[in-house]
Each structure stands twice: as structure tokens, then as C-alpha cells.
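Residue numbers (our numbering): 10 to 179.
Hints are not guaranteed to be accurate.
Here are the simulated distance ranges between beta carbons [said to hold, decoys possible]: (1) Arg-86 <-> Lys-58: 14 to 24 Å; (2) Tyr-63 <-> Glu-143: 13 to 23 Å; (3) Asn-153 <-> Val-32: 21 to 31 Å; (4) Pro-149 <-> Val-17: 21 to 31 Å; (5) Arg-54 <-> Ala-18: 40 to 50 Å; (6) Ser-132 <-> Met-41: 18 to 28 Å; (7) Asn-117 <-> Tyr-22: 53 to 63 Å; (8) Tyr-16 <-> Lys-58: 41 to 51 Å.
Don't read these hints as lab results, they were simulated from the structure. Note that the coordinates shown come from a computational prediction; the quantities given were computed from them, not determined experimentally. Glycine residues also receive a C-beta, built at the ideal position from the N, C-alpha and C atoms.
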Amino acid sequence: EQRLVDYVAGAGYAGIKIGALPVWQPAQWAPMLAQHAYLRRQMRRAVNKGVRVYAYSAGGRNWQADFQDCLRAWQARRRLPAMGFLAQPPEFPDPWADRIILGAAQANTKEGGHRMVAFLLASPIPGRDGFLVEHIIRDPSAPNGTVELILDECMQRLHQRGSRHVTLGL
Numbered sequence: 010e011q012r013l014v015d016y017v018a019g020a021g022y023a024g025i026k027i028g029a030l031p032v033w034q035p036a037q038w039a040p041m042l043a044q045h046a047y048l049r050r051q052m053r054r055a056v057n058k059g060v061r062v063y064a065y066s067a068g069g070r071n072w073q074a075d076f077q078d079c080l081r082a083w084q085a086r087r088r089l090p091a092m093g094f095l096a097q098p099p100e101f102p103d104p105w106a107d108r109i110i111l112g113a114a115q116a117n118t119k120e121g122g123h124r125m126v127a128f129l130l131a132s133p134i135p136g137r138d139g140f141l142v143e144h145i146i147r148d149p150s151a152p153n154g155t156v157e158l159i160l161d162e163c164m165q166r167l168h169q170r171g172s173r174h175v176t177l178g179l
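Start from the sequences and build out the full structure, keeping to the hints where you can.
Structure, rendered in C-alpha cells:
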């Protein structure tokens with residue numbers, strides 16, 4: 010981030026930037042989305058396929074089994090060795106109040122009910138008035154636009170909270 014670059018330069022050190030840290034301002038998300046018809050089309054595609062985004066909390070029904078099923082489907086399509094924090098299944102944190110946990114469920118027309126097709130976990134960045142989207146896990150069978158839809162919901166919620174920035178990390 011720029012504050013690290015400024016600190017290093019101010020301390021008399023030379024540096025080379027080796028990773029981009031994409032950062033968005035939730036307050037600017039809606040105007041940015043209005044300029045990108047492709048993203049809106051993708052999100053509409055998911056909605057038309059019956060995908061809805063829900064917020065989850067500790068007091069709700071036993072949703073962790075749904076999350077684990079979605080995670081297993083995602084991992085089954087990955088042929089990578091375990092890479093620690095990059096590929097380990099997320100542990101759902103406690104306390105919940107400061108995190109955003111969203112799930113995208115698709116209506117199951119044959120059996121009724123819904124099936125989890127994606128989830129997102131965002132955690133606050135201490136002292137930074139921002140959030141890190143730690144995980145976006147998508148079932149391979151999820152309709153196109155599902156990730157865009159769940160990320161849009163996250164950005165709207167963070168804007169409502171007054172968050173100043175959001176990053177997906179490196």
C-alpha cells in the first residue's frame with residue numbers, strides 16, 4: 010500500500026513494488042457499476058437463474074453444512090497442493106459482529122428449497138477503516154454472475170457501514 014511505500018522512502022530505503030493491492034471505495038461502487046454494463050449483465054444472469062444473496066449470522070439455522078458442501082465442491086475442482094492460508098478451508102470466526110458473511114443460494118426447482126452456490130467472508134482491517142475480502146468460494150456449478158452478485162452485496166453493506174475501502178488482498 011502507498012503508506013508503506015511512503016514510510017520506506019521516508020526512512021531512506023529504496024524499494025520495488027512487487028504486488029498490486031486492489032482497493033475499492035464502497036461509496037464509489039454504485040457509480041463504477043453504472044459504467045460497466047458487462048458486470049450488470051453478469052449479475053442479472055445469476056438473478057435470472059434464481060441466485061439470491063443472504064447474510065448469515067451465528068443465530069441462524071445450521072448453515073455451516075451448506076458452506077462446507079460448497080467448499081468441498083470448490084476444492085474438488087482444484088488440483089493444487091495445500092498452500093496454507095491460500096487453500097485451507099476457512100474457519101468461521103467468532104465474534105461475528107464485525108465480519109460480513111454472505112452466502113449465495115440458488116433455488117432448486119426440482120426439490121424445492123435452495124442450494125448454497127457461493128459464499129464470501131470479509132473481515133475488518135484493524136485501524137484502517139476498511140475490510141479485507143478473505144474468501145470468495147464458488148461452487149463450479151454456480152451460474153455466471155454469482156461472484157459479481159455476492160461481491161456487489163458485500164460492497165453495498167460496507168458502504169452502509171461507512172467503510173472507506175475494501176481490498177481482495179494480493
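Starting from the range 14 to 24 Å, see whether the pair Arg-86 and Lys-58 falls in it by beta-carbon distance.
-> Holds, at about 19 Å.
Should the hint that Tyr-16 and Lys-58 are 41 to 51 Å apart at their CB atoms be regarded as holding?
-> Because 47 Å falls inside the window, the suggested range holds.
Honestly, do Arg-54 and Ala-18 meet the 40 to 50 Å range at C-beta?
-> Holds, since Arg-54 and Ala-18 (Cβ atoms, about 45 Å apart) stay within the stated range.
Could you check the hint for me, namely that Asn-117 and Tyr-22 are 53 to 63 Å apart, CB to CB?
-> For Tyr-22 against Asn-117, whose Cβ atoms are near 56 Å apart, the range 53 to 63 Å holds.
Confirm or reject the claim that Pro-149 and Val-17 have a C-beta distance inside 21 to 31 Å.
-> Because 41 Å falls outside the window, the suggested range is violated.
Range hint compliance [Cβ, Ser-132 to Met-41, 18 to 28 Å] | 23 Å, holds
Satisfaction of the hinted span 21 to 31 Å by the C-beta atoms belonging to Asn-153 and Val-32 | 26 Å, holds
Lying within 13 to 23 Å: is that true of the beta-carbon distance Tyr-63 to Glu-143?
-> 18 Å, holds
Comparing the model with each numbered hint stated earlier shows that hint 4 is the single one that does not hold.
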